[in-house]
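Respectively, the protein sequence lines represent chains Z and S. Mind the numbering: the first sequence is residues 1 to 1011 in the working numbering, read in order. Mind the numbering: the second sequence is residues 10001 to 10110 in the working numbering, read in order.
Each hint can be trusted.
The calculated DSBU-like cross-link candidates involving lysine-lysine, where the alpha carbons are at most 30 Å apart (straight line), are:
1. Z:K704 / Z:K895
2. Z:K896 / Z:K745
3. Z:K897 / S:K10087
4. Z:K896 / S:K10087
5. Z:K745 / Z:K614
6. S:K10087 / Z:K895
7. Z:K704 / Z:K788
8. Z:K704 / Z:K745
9. Z:K704 / Z:K897
10. Z:K704 / Z:K896
11. S:K10087 / Z:K745
12. Z:K745 / Z:K897
Chain Z stretches covered by chain S per the calculated footprint, using a threshold of three residues with CB under 8 Å from any CB of chain S:
13. 270-276
14. 746-752
15. 901-911
By construction, these hints were calculated from the structure, which means they are not laboratory data. Glycine is no exception: its CB is placed at the ideal position from the N, C-alpha and C atoms.
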Amino acid sequence: MLDRTPTFPLPVREAEQAGPPQPFRTASGGLIDRRRARDFTFDGRQLTGYHGDTLASALLANGVRLVGRSFKYHRPRGLLSAGSEEPNALVELRTGARREPNTRATMAELYEGLEATSQNRWPSLAVDALSVNALLSPVFAAGFYYKTFMWPAALWEKLYEPMIRRAAGLGRAANAPDPDTYEHAHVHCDVLVIGGGPAGLSAALAAGRSGARVVLVDEDFRLGGRLLAERREIDGLSGSDWAAQAVAELESLPEVRLLPRTTLFGVYDHGAYGAVERVSDHLAVPAAHAPRQRLWRIVAKRAVLAAGAIERPHIFGGNDRPGVMLAGAVRTYLNRYGVLPGAHPAVFTSSDDGWRTVADIAAAGGRVAAVVDSRPDVPVALRRMAEAAGAQVVAGGQVIGTRGHLALSGIEVRDAYGSTLRIPCDTLAMANGWNPVVHLDSHLSRRPVWEEAIHAFVPGQLPTGMVAAGAASGRLTLADALESGARLGAEAAESCGFAAETAGTPRTDPESTAHTPLWRVAKPRGKAFVDFQNDVAASDVELAHREGFRAVELLKRYTTLGMATDQGKTSNLAGLSIMAELTGQNIPSVGTTVFRPPFTPVAIGAFAGHHRGKEFRASRHVPSHAWCLENNAQFLETGLWLRPAYFPRAGETDWLQTVVREVETVRSRVGLCDVSTFGKIDIQGRDALTFIERVCANPFGTLKVGRSRYALLLREDGFVLDDGTVSRLAETHFVMTASTANAAKVMQHLEFCRQWLWPELDVQMVSVSEQWAQYAVAGPRARDVLRKIVDPQHDLSNEAFPFLGAAEITVGGGIPARLFRISFSGELAYEIAVPAGYGDAAWRAILQAGLPYGICPYGAEALSVMRIEKGHAAGAEINGQTTARDLALGGMLAKKKDYIGRVMKERPALTDPERPILVGFRPVDPSQRLRAGAHFLALGAEPSLTADEGYMTSVAFSPSLRHWIGLGLIRRGNERHGERVRAYDPVRGGDVEVEICNAAFVDPAGERMHG
Amino acid sequence: MRIRCPYCGERDNGEFSYLGDAAPVRPDGMDASSEAMHDYVYLRDNRAGEIRELWYHAAGCRSWLVVTRDTRTHAITDVQPAREVAKTRRAETRLAETRTVTPAGSASHA
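For reference, chain Z alone in the conformation it holds in the complex:
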């Protein structure tokens, strides 16, 4: 690091200044608070800045100019800019779990105790072993990776990729979970103003004064844009005072919301915008209950794009040396932060605007080493002003190279006569014109258009509802920014129905935007960088041209120009201009690449918001949840549902032990299971039965009032969608159930059929899944338990309420309830539904009533074991790839009605007898465990895809049979009962001989459930 004490006198008034002296800080001025010192570290070195500084300005104030190493060549790099376009100064901020890589030093607000570390260097920033890459630069040229790391392919994963990642990485992410929180917020407004510079503030004032709801976002922590960075005058006020006054007025307007520290990163269709607010990034640790960042979703009727412009660098040899900066950035550091970046600054300009830098340095009491203007004619007044500041003026000259190692020590200049001059300097300010920020208006695939008058791309056709004001629209003067902002802000408010007055345009001091762009310097000495972040030099663009990658999108991908975090903000046009020159076209014919969101990187945490860990998504609780928590239930996630999986008792050490006990209790006595998670759809209307006939594949015409029936739903393509039950409660009133996982999908499907396919049917439906708590009471004593719950007037005898009965009843003395005699377990079983509000009480009452019969609650695991013992298909079998035939349900399909999926299920491939079909499997050696996912092979067959006969879908340890059982799909399985095959599971090392059998392992005749 080059620390040089300035040689020009900067009187430091110690009394007013807190903290140790900062050698490059001016004596006064700037928008920093010199009474509030801020200590911070960079690479462990203790430094001090002020409140109001960025990390970048504080580093410069301390004379730190080397801040990083470049991506590919590990070249020393310093600060190029003072804003979000910064390609070089990416640092790791904070430590430990809060460590954040690739933070722009120019955007990091200084706070007390800030810790920053440089990136991409080893062992240290000043001595980087990998800077030898720079010596190898001929081989690191464009397309290097594509060409070099091709062969042998085997080396890619083990050698090339890790090597490249180490050499060409950026920062390191934290290794620990992020301790901070992030949140999402939504805002609707009439007028969104993007950018808080002169145009944006004017637009917000004009719209806000009319009473329109205005949101103004700006990525900076202080509103004012370039007004804070330039010495300008508006109506007799300094630019920054005018901005402060505008902000104060905006703050007083009740319908105006100002969002500083907020980057609008994306423009989306129909007036939707994404923005990220850095709520606490300027603090060491967020305040209690405050998020680190907030992701805004903004919906605006109108938007005024006032995002300003980004200055262009010059392309000459060694233009990446620390100390070479954009001229506008030099003025920002000087005027806003009170930092003169160097003791011997020089200026290289192709515009009148660059001369402001000379004037500003002189006004701060500094001296200027040289001014090189690439234009031959320099107005006398400017020349005199520069010479008064000590500058050597070179008109019609070009900077062709730089000198120095870790920082700039001088420039080589070719003058108008072709002679080379060497001028010592430690800072070079480049002024090569400004590019309007056309990123945001291009997000909806709209291309910018070339405007010859300012030699830059400007917004083309803007997204609906958006207008561009000020520099973002190519109007580069302050007067135009104020005028267009106010006019377009008023128009935007008026188009939203507000009466806006246009106040007179403020008066500004004179300015000139005269500019003759110098796209690149001829015959540069050394590498001339186009894209600093990606280490793409002008020679790489030439190489891409020679090798045929001339189209703009190919150029980008071949050279990586314009990629990564800065998205070509400072490099895009330079690359295009060189390609234009090489191909003999003009710049607009070369075209631009597509700009996509985000404008600057957005942390994943901001997108995730509160949706992380336990709150990743909502969780739904069953009505018996409170009791389950009180009674040590172990839970299982099924979709959003948290279902009780099993209920361990004291002394039980293994989940299987608990599940076996629960199953045995149901099979021998009685159990209670919360099945409220199933979807419940209430269907009513004159045509309800017709509707059900059309959506279900099995017949329903004969379903009587007071009866339930299994229901099988197909998709229109012939595969099974879901299964459940349909119960007829009254002539025109039905309740359909759907599986837990498919409930929403089934509801959507039914609504599609009702609204779109058959709108003429008189049928209405509503999901009542949340309205009813539903419990299965299963086991030989189920009727005895229910008898004590159900009001006495209801006859529960087998004759009065047989298997598949359904009734609306009352329980507990008049509470409405529904009773269904349906059985998933294969036992005598009922499902009883009560209004959800009674769910907890009913659960407790049934358990109380069942005490004398030895009742136990059972969870989803025992339920699943029992359905496998009964051979019922569930989610593992109804997986979207199986037909009714595959599930051995072909026999129940209706023959005489039309229904969804009827035609397509007959496709030849779906009726092929070789298709695997659902059967049961038992291990030949009963001590062996089965695994779901195992593939079936003939005994002795070599494992191969052609030998594959199907796979095991579900397995369970059967407490009833005391060995493992499985369900699976196997070719012609229905014809092969008794045959033995291999269940081959190479992933887990399983290879078990199994016998094909009936899928109903327990009570195959189904006698128990009818009892």
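With the hints as your guide, set chain S onto chain Z.
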């Protein structure tokens, strides 16, 4: 994206789920041919331009909607309840069937 639901007003597209082209008509009835059903299930035009398509207001009123959208610009020019569109289409089809003049302009609404 924002979609103006005829029942709920303008809402964020996150509330909706997408199905696709609203043009295919299901061949109802026992005499539907497998060819016609195949076309209905699988054949879709991939138009660059205005398309009428089905969206479902899943996190709202559960209405199926026919949204007229330009696939090149995402501009939405019309949103109708699917049920009303389907009823109109049925009525038009029936009308066309009762007339036996020419098939032109019959089944294709708008």
